[in-house]
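Participant: Spelled out, the chains give:
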Amino acid sequence: MSFQPADQLADVFDMEDLLARCLGNFDFVQRVLNKFQERCDEDLAALEQAMVNADTELVARLAHRLKGASANASALRLREHAAAIEDAARRRALGAVPQRLGELRQEWDRFTAAVAQFEPPAIHAVSAS
Amino acid sequence: MHVLVVEDDCVSAEILGSWLRHFGYEVTTADNGRDAFELVRTGRFRLVVSDWEMPGMSGVEICRQIRGRSWGSYIYVILVTSFEGVDNVVEGLNAGADDFLTKPLQPEELRMRLRAGERILSLESRDIIIFALAKLAESRDPQTGAHLERIREYCRALAEELSHWDKFRDVIDGEYVQLLYLTSPLHDIGKVGIPDRVLLKPGRFTPEEFEVMKRHTIIGGETLNAATQAHQGAEFLRMAYDIAMTHHERFDGSGYPRGLRGEEIPLCGRILALADVYDALTTERVYKPRFEHELARRLILEGRGQHFDPDIVEAFLRRESDFITISQRFDVALPAIEPANSLAPATPANLPGG
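Residue numbers (this note's numbering), protein chains in the order written: chain A, 28 to 156; chain B, 920 to 1273.
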């Protein structure tokens, strides 16, 4: 796949912000995105299961972790959805969570599709470690 | 320096680890609080960057566990949180956190906060080294027990008292008190240059021996002055120099080595003069028995305006109960003293500043 300019990816994550926090290193960006995908695949599935079990504490904890990871990956819309779910779970008000969870899942699918298009340009890679 | 990163979120851990290595730190990562605490117990880590919310042991709980134990040195803990609000900061501070980072993390902010932590830790190293240096110098004359520990406490009590007076409010602030506490143990460091035949003599000094003994002020002062010249910004070295050089000066000008009088004597030297004499009076020495507080008090009052600055004597009177408490707290048994043929009674010439 060819490299997607930052503005095309900006819809799902803030590439400029992520690149800055990855010290301008695209390899570092790639590593972070890979870690993020591995973690969130698992956490999102666990979150959906916790919701089925109406386990509010686990919902809050997983949503909190997703929120933090999303923020670190500069995936701001994912972060917003996760934050709303965490907030609802901490208030023990799970009524609105299924809809948010659906939106989170959709956003996640968009995110993974966008990231699949991402290929770091070798010319920009600098050593970060 | 080795940093312990405690983070259950592998994305954050990846980012933090990469940043820290980029900044030149060694990094070890733990993904839960219990493993982290076991790593802290190895003593390898003085900087800990921990996520706040983790299953099992939270970052706040790690802080509490760390602060609940004594360690060989201070451990600086930075909590990383996505929580917002004053309540959370207060909870973290209560648990013993030193600083906070809020997600999403920024590399330059982390770098600056770690530098702040390293500055704090380096100050602790400095303090330990200064005290160790003073203890090393004192080790040649082990008859004085916990003299240095008491001296710095007496000095702190006097300085804290004076800091409330209008006359000294602009001179003595918190930093002054802390510097005095830090540097007062160095007052006799010049004794390393005094030969054993004089330093360890159990009886009265001859005039010639007394002249040799007096030189410890100059030896200490010159040593610290050389260090001051090499490190101009080090305020503590300036105070240490003043203390070593002037703690045997007397308010009426009859002291040594330079015969300074009144406010020609730096305030820290005037404070130390009283603290040093009080300690010599209230502890057993090879040349005198231990005096009770009341007798020491009387002798100090007799020296008001002559040996001692009247203001410092007044501060002593106001903090008398602190002096008694400190004296008792460090009341440790002295090592056995070899029988001496001619133990001289206490004389002004034998006492510090005599």
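Check each hint, because a few of them may be wrong.
[Unchecked claim] To give an idea of the chain A side of the interface with chain B (calculated C-beta under 10 Å), a few residues:
(1) C49
(2) F55
(3) E65
(4) A72
(5) Q76
(6) S101
(7) E107
No wet-lab data here; the hints were simulated from the structure. Quick caveat: nothing in here was measured; it's all calculated off a predicted structure. Glycine included, every Cβ here is placed at the ideal spot set by N, Cα and C.
Participant: Against the structure, test the hints numbered earlier, and report the numbers of the ones violated in rising order.
Facilitator: 4, 5 and 7
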